[in-house]
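Residue numbers (the working numbering), protein chains in the order written: chain A, 14 to 159; chain B, 37 to 510.
Hints listed in this document are in silico derivations from the structure and should not be mistaken for laboratory results. A quick note: this is a predicted structure, and the numbers were derived from the prediction, not measured. There's no promise every hint is true.
[Stated by the list, open to error] Below, simulated DSSO-like cross-link-like pairs (lysine-lysine); rule was C-alpha separation at most 30 Å, straight line:
(1) K105/A to K158/B
(2) K158/B to K20/A
(3) K157/A to K113/A
(4) K20/A to K45/B
(5) K348/B to K20/A
[As the list claims (entries may be wrong)] Partner residues are not named here, just some residues of chain A that face chain B (Cβ under 8 Å, in silico):
(6) T45
(7) E90
(8) P120
Heads up, the beta-carbon is just placed ideally off N, CA and C, and yes, glycines get one too.
What follows is each chain in one-letter form.
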Amino acid sequence: MSETFTKSMARNIYFGGSVFFFLVFLALTYHTEQTFPERTNASQMTEAVVRGKLVWEQNNCIGCHTLLGEGAYFAPELGNVFVRRGEDAGFKPFLQAWMKIQPLGVPGRRAMPQFHLSDQEVDDIAEFLKWTSKINTNKWPPNKEG
Amino acid sequence: MNIANPHLKFASQAVAKPYFVFALILFLGQVLFGLIMGLQYVVGDFLFPLIPFNVARMVHTNLLIVWLLFGFMGAAYYLIPEEADRELHSPLLAKILFWVFAAAGVLTILGYLFVPYAGLAKMTGNDLLPTMGREFLEQPTITKMGIVVVALGFLYNIGMTLLKGRKTTISLVMMTGLIGLAVFFLFSFYNPENLARDKYYWWFVVHLWVEGVWELIMGAMLAFVLVKITGVDREVVEKWLYVIIAMALITGIIGTGHHFFWIGAPEVWLWVGSIFSALEPVPFFAMVLFAFSMVSKRRRQHPNRAATLWAKGTTVTAFFGAGVWGFLHTLAPVNYYTHGSQLTAAHGHLAFYGAYAMIVMTLISYAMPRLRGIGEANDERSQTMEVWGFWLMTLSMVLITLFLTAAGVMQVMLQRLPTDGTALSFMTTVDQLQVFFWLRLAAGVGFFIGLGCYLFSFKRRGQDVLVGVAAASA
Numbered sequence: 014m015s016e017t018f019t020k021s022m023a024r025n026i027y028f029g030g031s032v033f034f035f036l037v038f039l040a041l042t043y044h045t046e047q048t049f050p051e052r053t054n055a056s057q058m059t060e061a062v063v064r065g066k067l068v069w070e071q072n073n074c075i076g077c078h079t080l081l082g083e084g085a086y087f088a089p090e091l092g093n094v095f096v097r098r099g100e101d102a103g104f105k106p107f108l109q110a111w112m113k114i115q116p117l118g119v120p121g122r123r124a125m126p127q128f129h130l131s132d133q134e135v136d137d138i139a140e141f142l143k144w145t146s147k148i149n150t151n152k153w154p155p156n157k158e159g
Numbered sequence: 037m038n039i040a041n042p043h044l045k046f047a048s049q050a051v052a053k054p055y056f057v058f059a060l061i062l063f064l065g066q067v068l069f070g071l072i073m074g075l076q077y078v079v080g081d082f083l084f085p086l087i088p089f090n091v092a093r094m095v096h097t098n099l100l101i102v103w104l105l106f107g108f109m110g111a112a113y114y115l116i117p118e119e120a121d122r123e124l125h126s127p128l129l130a131k132i133l134f135w136v137f138a139a140a141g142v143l144t145i146l147g148y149l150f151v152p153y154a155g156l157a158k159m160t161g162n163d164l165l166p167t168m169g170r171e172f173l174e175q176p177t178i179t180k181m182g183i184v185v186v187a188l189g190f191l192y193n194i195g196m197t198l199l200k201g202r203k204t205t206i207s208l209v210m211m212t213g214l215i216g217l218a219v220f221f222l223f224s225f226y227n228p229e230n231l232a233r234d235k236y237y238w239w240f241v242v243h244l245w246v247e248g249v250w251e252l253i254m255g256a257m258l259a260f261v262l263v264k265i266t267g268v269d270r271e272v273v274e275k276w277l278y279v280i281i282a283m284a285l286i287t288g289i290i291g292t293g294h295h296f297f298w299i300g301a302p303e304v305w306l307w308v309g310s311i312f313s314a315l316e317p318v319p320f321f322a323m324v325l326f327a328f329s330m331v332s333k334r335r336r337q338h339p340n341r342a343a344t345l346w347a348k349g350t351t352v353t354a355f356f357g358a359g360v361w362g363f364l365h366t367l368a369p370v371n372y373y374t375h376g377s378q379l380t381a382a383h384g385h386l387a388f389y390g391a392y393a394m395i396v397m398t399l400i401s402y403a404m405p406r407l408r409g410i411g412e413a414n415d416e417r418s419q420t421m422e423v424w425g426f427w428l429m430t431l432s433m434v435l436i437t438l439f440l441t442a443a444g445v446m447q448v449m450l451q452r453l454p455t456d457g458t459a460l461s462f463m464t465t466v467d468q469l470q471v472f473f474w475l476r477l478a479a480g481v482g483f484f485i486g487l488g489c490y491l492f493s494f495k496r497r498g499q500d501v502l503v504g505v506a507a508a509s510a
């Protein structure tokens with residue numbers, strides 16, 4: 014690098030640039046916070062949704078699945094599983110049945126453990142996934158398959 | 037025998053050694069679990085239900101994080117005294133924290149392996165302050181608290197050393213990066229009930245670590261090794277370092293936005309995240325220029341050619357893994373189709389290996405011969421073995437990345453691009469990708485062999501021992 018560009022100039026760009034953009038980041042975070050209640054339908058976050066999130070977390074579901082595209086990439090996306098599996102009419106019965114028959118025991122197929130969840134816990138997860146499917150995700154995923 | 041190591045400037049730098057050794061043991065564990073998962077990708081019920089995929093993945097990623105943290109800490113204990121030109125504030129504290137951190141790490145991994153996760157959550161009182169069950173932050177809350185305690189003790193120790201000693205740019209940048217690492221980790225205790233908000237702040241740990249403050253740590257470690265092996269004027273090196281970290285933070289902080297496209301955050305991030313993260317390759321490219329121009333301007337031919345190779349290699353691999361492979365899917369219109377596909381996995385592997393695994397191995401390569409009392413460099417045969425390890429691991433990781441990229445492109449074509457009705461389901465899609473996953477597994481075996489060569493290069497042969505004894509008695 015040329016001699017006219019000195020170390021102290023580089024240092025000033027580092028300090029000034031990082032402080033400035035960190036402040037911009039905070040401003041954008043403030044803006045994001047303002048939009049969350051509406052974009053996530055926070056008013057519909059029932060106690061069941063909150064309990065369901067905890068069941069989701071305490072069984073490490075993210076270790077295989079993705080949720081809104083984040084997680085492991087070993088098992089299907091569940092952010093829109095409510096839409097994929099029956100919506101209001103069919104999703105809860107589907108999930109109850111699905112959780113009970115795991116593992117499927119098909120040789121060579123990726124296997125999901127049996128988590129021994131109570132009916133209440135499965136219902137809570139269902140409520141959590143239903144609420145999740147209604148978050149405004151800028152239209153992601155592109156189709157029902159997630 | 038209690039002979040001071042003549043190859044260390046300060047005796048207290050020796051505390052770095054157990055950190056490096058333990059880091060490499062954990063690295064070996066990480067790769068073994070990677071192989072288990074690679075096999076589970078093609079034989080879905082392999083080791084089921086003994087080690088379900090979610091457990092193997094948790095062990096694989098957590099071991100990665102922990103071994104890199106051990107590597108960073110070892111690097112700090114080695115370079116901070118040398119830069120500050122004084123002994124470490126408290127070598128005893130560094131030794132105690134080593135055992136605390138190692139014990140906490142081992143217990144946590146054993147917990148993952150032998151207790152069902154829900155049971156682990158119950159045992160450790162996750163209900164009281166729920167922080168578990170989020171990707172990479174799966175550690176029980178009590179382990180997270182332990183990490184904070186270790187980090188505070190560690191920062192106190194190197195901070196005191198720095199305060200009392202010479203303050204160089206390299207040590208200040210290293211310190212800033214490590215403080216940032218600890219500060220952003222605190223967000224792991226914030227787990228809002230609203231999933232979108234949870235995900236938003238989760239990235240304050242994950243992104244602001246790997247595409248933020250960790251780049252400061254990487255830059256400082258790289259600069260330190262380059263000063264040592266090239267003998268280039270410190271002023272020049274430090275100017276480069278400032279340019280690199282300036283670019284890293286200017287692009288990387290707002291670049292966090294590329295994770296906010298589809299998780300419930302507002303549309304503004306589609307633009308802001310795309311633009312800033314598209315510039316994130318710049319600091320990595322600057323690191324390539326930095327390493328190669330310092331080596332070409334070197335004032336001495338350092339006998340440790342392996343360390344020179346690692347220093348150059350980490351910048352190039354990080355540029356491709358973090359820079360190019362990140363850029364490939366960082367623009368929102370592209371990411372709409374690739375988000376959470378095998379392309380993400382491809383990028384993650386080459387980026388972490390290139391930037392962080394390799395920078396730790398760069399420092400280990402430079403420092404370990406001295407820490408072991410061998411001298412500036414290992415003998416030729418050991419270095420040749422190390423260079424074999426470098427190439428086998430690096431090329432294998434490039435292949436893993438290419439196979440996962442191919443799998444990801446195909447996944448997008450089968451599962452994401454078609455409309456409802458014609459798109460294949462996830463499970464049908466992965467069946468179509470089997471051949472790529474088999475090839476990836478083969479490349480993983482290649483990586484394991486490379487790691488074997490690398491670890492074997494540390495084997496001390498009879499001749500070395502004699503040289504060591506001769507040096508010690510001279």
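Now for the hints, and whether the structure bears them out:
Proximity of K105/A to K158/B is assessed by CA-CA distance (about 26 Å); at most 30 Å being required, the pair is judged to hold. The straight-line distance between the Cα atoms of K158/B and K20/A is roughly 53 Å, outside the 30 Å bound, and the hint therefore fails. Only pairs whose Cα atoms come within 30 Å are accepted, and K157/A paired with K113/A is accepted, the gap being roughly 24 Å. For the hint pairing K20/A with K45/B, the CA-to-CA distance comes to about 27 Å; that is within 30 Å, so the pair holds.
Under the criterion of a C-alpha separation no larger than 30 Å, the hint pairing K348/B with K20/A is consistent with the structure, at around 23 Å. Evaluation of the T45/A hint against chain B yields a held restraint, the C-beta minimum of about 5 Å falling below 8 Å. With a least beta-carbon distance of about 7 Å to chain B, the hint placing E90/A at the interface is held under the 8 Å criterion. Checking P120/A against chain B: minimum C-beta separation of about 7 Å stays under 8 Å; hint holds.
Violated hint for the displayed structure: number 2, the only one.
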